[in-house]
Amino acid sequence: MIFATVPFPSFTLESLPQLPKLLVEWLLMLVGAPDWLVSIGGTAAMAGTVVGVFLSAFALLSLVERKTLARIQNRLGPNRAGWFGILQPVADGIKMLTKEDIVPTKAEWLLHLAAPILIVVPSILALGVMPLGREWVPVNMELGLLFFFSVGALTELSVFMAGWASGSKFPMLGAMRAISQMVSYELPLIISALGVIMVTGSLRLSDIVVHQGDFYFGFIPKWNLFTPWGFAAGLIFYIASIAEANRCPFDLPEGESEIVAGHMTEYSGFKYALFFMGEYLGLFAIAGLGVTLFLGGWQAPLPFLGWVPTWIWFFAKLAVIIMSYLWIRGTFPRVRIDQLMRFAWLCLIPMALLTIPAAALWVFTGKGIVSWVVTVPLLLIPWVILTILFNKRLAPATRTYTFADS
Amino acid sequence: MNPLALLLTLSSLLFSLGLLAVLTRRNAILILVGIELMLNAANINFIAFWRYGPPDPELTGPMFVLFSIAIAAAEAAVGLAIILMVFRHTRSTDLNRLDSLHG
Amino acid sequence: MSAEKTIDRLPAVPKPGRWIMPGLGLIQGLVISGKNAIQSYYKKDRMTTIQYPEQRAVISPNFRNFPFLCYDDDAATGLRCTACSICENECPPQCIYIVLDRDENGKSLKRPKVFDIDISVCMNCGICAEVCPFDSIYMDGEYEMSTDDRFGGLMLGLDRLAKSAEYHMKLRPEEASAVMAKRKAEEEKKAAAAAAKAAKAKADLEAKAKAAAEAKAAEEAQAATEEKGESA
Amino acid sequence: MIIPLLILTPLVLLAALGAVWKARPVHAALLLALSLALVAVLYLTIGADFIGLVQFMVYVGAVAILIVFSLLITRPGDEAEEIQRRPRSMVTGLICTLPVLAVLLIALVKGNPESAPAVDAPPLSIAHLGELLFTTHAPAVLAVGVLLTAVMIGAALFARDTEKPKSNQPEK
Amino acid sequence: MISDSSMPYSAPTLEPGEDDDQLLRVSLGPQHPSTHGVFRMNVVLDGETVVSLKSVFGYLHRNHEKLAENMTYLSSMPYTDRLDYICPLTNNWALAHAVEKLAGIEVPERAEFIRVITAELTRLINHTAFMGFILGDMGAWGSALMYAFREREKILDLFEDLTGARMMSNFMRYGGCRNDLPAGWADRCSIVVNDYGPFLDELEKFLVGNEILLARTQDVGQLPQKTLINGGITGPMLRAAGVNYDIRKVEPYGIYDRFDFRIPLGAKGDCYDRIMIRFLEMRESLKILRQALDQLPAGDYIHPKAKIRNFKPPVGEAYARIEGPKGELGFHLISDGTVNPFRYRIRPPSFINLTLLEDMCLGLDLADVVIILGSVDIVLGEVDR
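Chains as they are written, first to last, in my numbering: chain R, 1 to 406; chain G, 1 to 103; chain Z, 1 to 232; chain D, 1 to 172; chain S, 1 to 385.
Any given hint might turn out to be false.
Once the Cα atoms are required to be at most 27 angstroms apart in a straight line, the calculated DSSO-like pairs of lysine-lysine come out as [stated by the list, open to error]:
hint: 1; chain 1: Z; residue 1: Lys44; chain 2: R; residue 2: Lys67
hint: 2; chain 1: S; residue 1: Lys307; chain 2: Z; residue 2: Lys190
hint: 3; chain 1: Z; residue 1: Lys182; chain 2: Z; residue 2: Lys210
hint: 4; chain 1: Z; residue 1: Lys43; chain 2: S; residue 2: Lys305
hint: 5; chain 1: Z; residue 1: Lys44; chain 2: S; residue 2: Lys305
hint: 6; chain 1: S; residue 1: Lys305; chain 2: Z; residue 2: Lys35
hint: 7; chain 1: S; residue 1: Lys66; chain 2: R; residue 2: Lys392
hint: 8; chain 1: R; residue 1: Lys95; chain 2: R; residue 2: Lys106
hint: 9; chain 1: S; residue 1: Lys205; chain 2: Z; residue 2: Lys182
hint: 10; chain 1: Z; residue 1: Lys184; chain 2: S; residue 2: Lys205
hint: 11; chain 1: R; residue 1: Lys67; chain 2: Z; residue 2: Lys182
hint: 12; chain 1: Z; residue 1: Lys44; chain 2: S; residue 2: Lys54
hint: 13; chain 1: Z; residue 1: Lys189; chain 2: S; residue 2: Lys287
hint: 14; chain 1: S; residue 1: Lys307; chain 2: Z; residue 2: Lys182
hint: 15; chain 1: S; residue 1: Lys307; chain 2: Z; residue 2: Lys189
hint: 16; chain 1: S; residue 1: Lys287; chain 2: S; residue 2: Lys154
Just so you know, the hints here were simulated from the structure itself, not pulled from any lab data.
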């Protein structure tokens, strides 16, 4: 019997996401395919799983975002398509697909077409190196972190292509804003990740996660966030990641009250949907990186929760981060472009640079009480300066209002 | 064909193309494009010799490329800053129009 | 929190000279929006919207939408409208069109032959109802009037405009009963006036007859005297 | 090993040729980005992973973006002038370039790399690279650090808006 | 542009059709998400800095003034609802005030109280909606707008019960109001007024301390007092700059002199002050409302001799103004003794406040233009009439 020759590999809840890969490999071996085909098939199934998971997460997020924003605004949100509006993403998709694809007369059709495709690619590539679970690392690359930032560079170019190829003014303004914003915020993003690399001593993302596996006093997880430099770097990373993902309050490139929809103004139908998808996948990627670097990736938050499959923890943390993005979007107004740049160059980058010596001191002084005493004041310096500036210049208390007599 | 020879040919062609761009273009920014091409041609040489040349525990090739990339980035930043400065004064990036020192 | 206490100060603004940490305002905003999001699950008065086809807003009885014409007993004969055209003249966007009904001799029948209101033009101001001296035109409260027929569906003729007094009573009991009382009083007054008029007419008639008889008698007497004179 | 190189090399050259030939500046800049990205892929295929990723990050992520952004700001006029001038400039360009190319190719043939023994270097280990960077090359790293800092400050000073239109807002 | 020695900067401009290497000509509107209707600004940008801004009006012109000269006085009343459709009742009052001045009609006391109550409720509506709109202009994705509209709905419910319509009230008549307060209305109004204070607390906490809002609105769009006065600016915009000018105090109309309230004044007159002044004004409005609801007398809601049909004011001329939520709202009427006015002219605060838009925007960012336009608080129905 042929089944007896190739036993189906065993799997647990932990390796559940590997199931498609194992299944494909098993089937290929069953029909007697050569080794290289089995390996390619397994890899393809693995990639398909990751893409499938994140595309469904994208569909879900497009609904959850609308629902959450609606609740913040005391509305109900989409609730007509299916049970609690669960089919709304399908309805949106059908609407997008059936829309006319408009290419402006002045547009360069090739670049206009390439931009939305190019914006999806880097996000998916970046998701590929993410350690999603203990046994679920699609591509366990030695230079994972560097790879992540490298492919991220493609996003800027595709945004530029979209803005320039549309042959219109609002997209051009949007592209200029987007590029200057992304370039400025990539720096604090990378610099704040440097401390983690220094402490871990590896660019491999799964190493970084494993390094955060222990617990202080048996219950506080040893995540990078719970160290002074890690907290500062995590905060900077969080702010910069909002800007990288073009989310409110840094959503200037598509600031609809000023420049209509930025670089996406001249897109419709499926191409617009691709932009939308690229943006959300990029959001997953950047939030996932934040989880990996500072929130311990797939590590359980408490020691006795170790029995839960690790990929659940990763997605739970991802969900928390993304919900916080939505919450912020429902609350904050948008900043102005010069404030945005000034914030990046005069505030975030110096603060991020400070986290590097702080991380070095942290390792040098042995990660104990002394380290706290040394690093906390160092990290508080910019905060004190910021507080003084804020209270002198901006605070509401700087204004006085009088009442006319009579 | 030997990979080393292939890469060296690529490098010399790339260098020539860069030189051609520097010589034919009149837009200052596009001259920078040519310079970047030439720098990359040189980098390819380093990597090719590291990879297919005699073994080098000192990693001189990649090390040189690393520094070269860092300096190229710096050069691009300063070059473009200067071009923007010039542009602000003359409203043009065409080098043929920057002839105020011309006798 | 008592509203009296908070009226004169802005709670978000600290007193001059008090230092605050940057970022507190952002956190305060997040707390408020989060409170709104959570309370929207259990506090009814937080919600901004209602789910329209299933739920409906409570509409005030005073709500006015488009006009209707009131009739008393029968739609064909009981219309209060006398086609006086006051509303037609006062209507700001001039969406009312009235043709007076006349009999074959060209005499006014004091009722409209055509009474059209183009509700695509009407701006629901209620001035027609206000100026009508015959208590005939009122503002309706119906609002689900969408149609796909731009011209026919939005041009209300007499058939769709005429609504009974009972409908009015149901729609706005207070106003309708006041109107009914007024109309009843008027009718009674009118009846009394008519009765008085009839009595007066009768008296007149009698007086006329009497006078005629007297005249006749006088004529006869005169004729008799003339005859007498001739004979004499 | 040679097959991916044989595919990549003409692609790099074609993209570079486009960058040189295309009259519209934005196209030239984008093709440059493509060419440099392909060079990065080439590095990745021959085992210099770290260099390839750095190349991608710096050239595509920074240099190409800078060039493209400068083009957006300066918005160079239409390419008609460029095309009209092209034959003449191309002649002079080729006159200067071809000898250089000839010299390079002659040197290549004379050097006869075909005869070189085909030894494969061990894969590039970043740990080793890092160690070397901070021991043997520490002065160079410091120098580059100083250079980059100077460049950052210098570029910021150069690009600072010196003649921003004065607003009519009252001074603070 | 008002010429003023304090403004040395003259904008380089582009002629229509001309294009420059550096300057970017952008047409904001008439179909643009944040022009508050169909308003258009021809903006010339240097990078993102505004070097010239020309307003283009008239996309919503409905010929109200000329139409009103060809219809009866009563018939033009519902059209005033459509001027500034956020606050119809003050528009009604302004026209009624002008006609009453023209014809010398007395208004009963109860009617005056009803007018004050409705006008101050309207001010609340307008300023609350303003908070939502300006946050929308800043890109706050509608949260503040929804909170504002939720409370605005409560006042609109009151209006629906009182006037029969939520927005197009058509309520004032020459010599009073169209109808009396429905039973229990004043009590419901008191509840709304009492609940408004806590809501304002929440909204202020939501907005005023927000660092992003502070950074966006402070030192944006301020002009010297002199320029504002020369430009004829009125309303919260003028008071935010510290000019004590409120028609309720300067030239008290109705029964405003009987109430105890204060005029809040700002110092700088930037967008932040404009927001704060409106908050403070809302608090003062609540104060007036509370007094008016306490003192509401019984009596006629319209003068018994007021004529609805065939109303003919004597030959004459009158200009009457009130302090609308957006500024001085005036009506100028000339009567020739017929049923139609001979001349009918409006002084709309939105329109006149908008005339200084370019002066406020020059040298600032494109994003600031949107906020400044929002802080002027225009309604295109009133601008274009």
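To see whether the hints hold, each was checked on the structure:
no., hint, verdict
1, Z:Lys44 with R:Lys67, "17 angstroms, holds"
2, S:Lys307 with Z:Lys190, "25 angstroms, holds"
3, Z:Lys182 with Z:Lys210, "41 angstroms, violated"
4, Z:Lys43 with S:Lys305, "50 angstroms, violated"
5, Z:Lys44 with S:Lys305, "47 angstroms, violated"
6, S:Lys305 with Z:Lys35, "54 angstroms, violated"
7, S:Lys66 with R:Lys392, "54 angstroms, violated"
8, R:Lys95 with R:Lys106, "26 angstroms, holds"
9, S:Lys205 with Z:Lys182, "55 angstroms, violated"
10, Z:Lys184 with S:Lys205, "59 angstroms, violated"
11, R:Lys67 with Z:Lys182, "55 angstroms, violated"
12, Z:Lys44 with S:Lys54, "47 angstroms, violated"
13, Z:Lys189 with S:Lys287, "50 angstroms, violated"
14, S:Lys307 with Z:Lys182, "20 angstroms, holds"
15, S:Lys307 with Z:Lys189, "25 angstroms, holds"
16, S:Lys287 with S:Lys154, "18 angstroms, holds"
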